[in-house]
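**Q** Next come the chains, spelled out residue by residue.
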Amino acid sequence: GNSVTQMEGPVTLSEEAFLTINCTYTATGYPSLFWYVQYPGEGLQLLLKATKADDKGSNKGFEATYRKETTSFHLEKGSVQVSDSAVYFCALRPPGGTDKLIFGTGTRLQVFP
Amino acid sequence: ETGVTQSPTHLIKTRGQQVTLRCSSQSGHNTVSWYQQALGQGPQFIFQYYREEENGRGNFPPRFSGLQFPNYSSELNVNALELDDSALYLCASSPPGQEQYFGPGTRLTVT
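Those protein sequences? They're chains U and R, same order as listed. Under the working numbering, think of the first position of the first sequence as 18, with each following residue one higher. Under the working numbering, think of the first position of the second sequence as 1103, with each following residue one higher.
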């Protein structure tokens, strides 16, 4: 079946530190991959996406590369800010059929000044 | 352009009652998906509607049902509420095959 596994949080960093949040997936075929961010008390916002192997999604200094050989889509940012504190969700959309998203359990990021 | 809106923001219900949650999709989006997000978990897919027809369903019992209207807005109905139904319910809209845009959610508490 299809599933997403994320590293457990919380991830605690100082401002300007380098961020990596690991995400691996299991899927049949070639899924599309996404990172969503959820700020406290809010819904989900799409952060970035990649639709095929070796694609790199990027937005607001965050980036992730679709690695089919390692079934991974790790999220990275070179220098985090306090405002990046949120919960980050990795998700996949299986190919064909319903456009449903399958999410990981989320990773909480806390950035301190 | 108005984004996805949901109502109500919060509500509290008693076990055994029924609830209806509402979602207005973003302009031009004819697909609506509903998700349940329990505390500390990732969202779980409930079902999706496309042009007023159910277009896929997750692992949820029949007491979770929905509707989509000609203007593409949608309702989620839950009958015979259970304590475990307490969660944030998220609605997302999209053009077919495109990325989904989420609303702020409805926080349901069942006591």
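Since the hints were made in silico from the structure, they are not lab data. Because the structure is a prediction, the values reported are computed rather than measured. Treat the hints with caution; some may be incorrect.
Using C-beta positions, here's what the derived DEER-type ranges look like [what the hints assert, rightly or not]:
| id | chain 1 | residue 1 | chain 2 | residue 2 | range |
| --- | --- | --- | --- | --- | --- |
| 1 | U | Glu86 | R | Gln1120 | 46 to 54 Å |
| 2 | R | Thr1111 | U | Pro112 | 19 to 27 Å |
| 3 | R | Glu1156 | U | Gly58 | 29 to 37 Å |
| 4 | U | Gly113 | R | Ala1140 | 25 to 33 Å |
Looking from chain R toward chain U, a few residues come up when the C-beta cut is under 10 Å (computed) [what the hints assert, rightly or not]:
| id | residue |
| --- | --- |
| 5 | Phe1162 |
| 6 | Pro1163 |
| 7 | Tyr1203 |
| 8 | Gly1207 |
Heads up, the beta-carbon is just placed ideally off N, CA and C, and yes, glycines get one too.
**Q** Decide, hint by hint, whether the structure agrees.
**A** Now for the hints, and whether the structure bears them out:
1. For Glu86(U) and Gln1120(R), the hinted distance range of 46 to 54 Å is satisfied, since their beta carbons lie about 49 Å from each other.
2. Thr1111(R) and Pro112(U) have their C-beta atoms about 35 Å apart, which leaves the hinted 19 to 27 Å range violated.
3. Evaluation of the 29 to 37 Å hint for Glu1156(R) and Gly58(U) yields a pass: the beta carbon distance comes to about 30 Å.
4. The given range of 25 to 33 Å is respected by Gly113(U) and Ala1140(R), whose C-beta atoms sit roughly 28 Å from each other.
5. With its C-beta approaching chain U no nearer than about 12 Å, Phe1162(R) sits outside the 10 Å limit, and its interface hint is violated.
6. A hinted interface residue such as Pro1163(R) counts as satisfied when its beta carbon comes closer than 10 Å to some beta carbon of chain U; here the least separation is about 17 Å, so the hint is violated.
7. Against a cut-off of 10 Å between C-beta atoms, the interface hint on Tyr1203(R) holds, since the closest Cβ of chain U lies about 7 Å away.
8. Given the 10 Å rule on beta carbons, the hint for Gly1207(R) holds: about 5 Å separates it from the nearest Cβ of chain U.
Of the hints listed earlier, those the structure fails to meet are numbers 2, 5, 6, in rising order.
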